[in-house]
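Novice: Residues per chain are reported as follows:
There are 2 protein chains.
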Amino acid sequence: MWSPAGLPRAALLAVAAAAAALAVAAVAAWRRPRPLREVLFFPSRPCCLEALLAEAAAPGAPALPCPCPLPRAETSLSRLVRRLLSARRSLDLCIFAFSCPQLARAVQLLHRRGVRVRLVTDAQYMGLHGSQIGRLRHAGIQVRHDQHSGFMHHKFAIVDRRMLITGSLNWTTQAIQSNRENVLVVDDAACVKPFLDEFERIWEEYNPTNYVFPKVSN
Amino acid sequence: MWSPAGLPRAALLAVAAAAAALAVAAVAAWRRPRPLREVLFFPSRPCCLEALLAEAAAPGAPALPCPCPLPRAETSLSRLVRRLLSARRSLDLCIFAFSCPQLARAVQLLHRRGVRVRLVTDAQYMGLHGSQIGRLRHAGIQVRHDQHSGFMHHKFAIVDRRMLITGSLNWTTQAIQSNRENVLVVDDAACVKPFLDEFERIWEEYNPTNYVFPKVSN
Chain A
1 MWSPAGLPRA ALLAVAAAAA ALAVAAVAAW RRPRPLREVL FFPSRPCCLE
51 ALLAEAAAPG APALPCPCPL PRAETSLSRL VRRLLSARRS LDLCIFAFSC
101 PQLARAVQLL HRRGVRVRLV TDAQYMGLHG SQIGRLRHAG IQVRHDQHSG
151 FMHHKFAIVD RRMLITGSLN WTTQAIQSNR ENVLVVDDAA CVKPFLDEFE
201 RIWEEYNPTN YVFPKVSN
Chain B
1 MWSPAGLPRA ALLAVAAAAA ALAVAAVAAW RRPRPLREVL FFPSRPCCLE
51 ALLAEAAAPG APALPCPCPL PRAETSLSRL VRRLLSARRS LDLCIFAFSC
101 PQLARAVQLL HRRGVRVRLV TDAQYMGLHG SQIGRLRHAG IQVRHDQHSG
151 FMHHKFAIVD RRMLITGSLN WTTQAIQSNR ENVLVVDDAA CVKPFLDEFE
201 RIWEEYNPTN YVFPKVSN
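Respectively, the protein sequence lines represent chains A and B. Residue numbers are given in UniProt numbering: position 158 of the first sequence equals residue 158, and the series is strictly consecutive. Residue numbers are given in UniProt numbering: position 54 of the second sequence equals residue 54, and the series is strictly consecutive.
Simulated from the structure, these hints should not be mistaken for laboratory data. For each residue, glycine too, the CB sits at the ideal point set by N, CA and C. Honestly, I wouldn't trust all of these hints.
Claimed, not checked - Facing chain A, a subset of chain B residues (Cβ under 7 Å, in silico):
id: 1; residue: 19
id: 2; residue: 39
id: 3; residue: 72
id: 4; residue: 73
id: 5; residue: 75
id: 6; residue: 179
id: 7; residue: 196
Said to hold, decoys possible - Counterexamples of contact, computed for chain A against chain B with all Cβ distances above 12 Å:
id: 8; residue: 22
id: 9; residue: 40
id: 10; residue: 108
id: 11; residue: 131
id: 12; residue: 149
Unchecked claim - Here are a few chain B residues that face chain A, going by a calculated C-beta distance under 8 Å:
id: 13; residue: 43
id: 14; residue: 46
id: 15; residue: 147
id: 16; residue: 154
id: 17; residue: 168
id: 18; residue: 198
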């Protein structure tokens, strides 16, 4: 009858070495950061974001107490803002409707901090009452828009080219406070890469050198 | 000097057994189906879906040639329809605006095939010109809607409680053919479960027994 005890010592040593290699690989896989999967639902309870924005603007500085009556709770909006504020190098935005002042402040803050912010939006919605696009442009942020009859209806953000924030949520106070909405935050490359490619495609297509202006007659 | 060759045979055998167990686990992990990550972008080229719908309605039956001039190409719309038609047991839909006749046909087809279809939509958009909600209700599909001033703005589908289809795309021909839109198809539980829970929450909240009707004076 066959018995492993009868195997030559060299074979057992080889198997032991393979086991060690597999164990190292298993530990490495176990220690790998877990993939990011966060789902946020709206409407979000109103909350005060002052402490969050102040900490991001001047890390470690003593926060001034905010006199507003809103709670400093953790909400879907505060989680979304926290994800955006985690940007260190770049923030690529494709936002159909952008009128939420708090999100505009977060984006401006990143721009001031040296993060490369690029923003694509919809030509028809960027001029509506309450739009934050003018304010962001005034702050020096690069903005491009379509010139089509169809809408640039995406609502996604890519943080540092590795985290995708996407869903049904337009960046408006109405959507955040009143609508049923979802936002998904993921970091796996199979999701992020196609959105990055789509962003770069749109960014080039909406280059102002491609804009067409109506001819003015003398 | 220490030498592995000096280890007792029993220790080497134990290590070899551990190696075998790790190898079995590694093979199992390798054979596990890869997670589903599909990203669809719109606008989608117009295409003929007749063959796809006919095959889903009567698998294996000879397809009648369609006289329409549209190509039978693989497009973002055909891929979306294919994912929906893969449903075998259930289809849970949360769709803000639903006016695309082709997507309505796919949903009706699943209903006829015995798939349990539940549809949540927005009260203000369900009555708009071209809406498919009446047709779907007429076909016997359960539909529930909000009664709020805010929008039920989700646009997601869950197939067989294990595949999530979500994004910016409303199910309208305008959005499919003219807008810049995205749809993400994923199957990992960390994404699907929260959406399933959200669907069940909304389904219960929008139960018609909770609807409030204006009082009629005599």
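Novice: Tell me the hint numbers this structure goes against, listed in increasing order.
Specialist: Hints 3, 4, 5, 7, 8, 9, 12, 14, 15 contradicted; others consistent.
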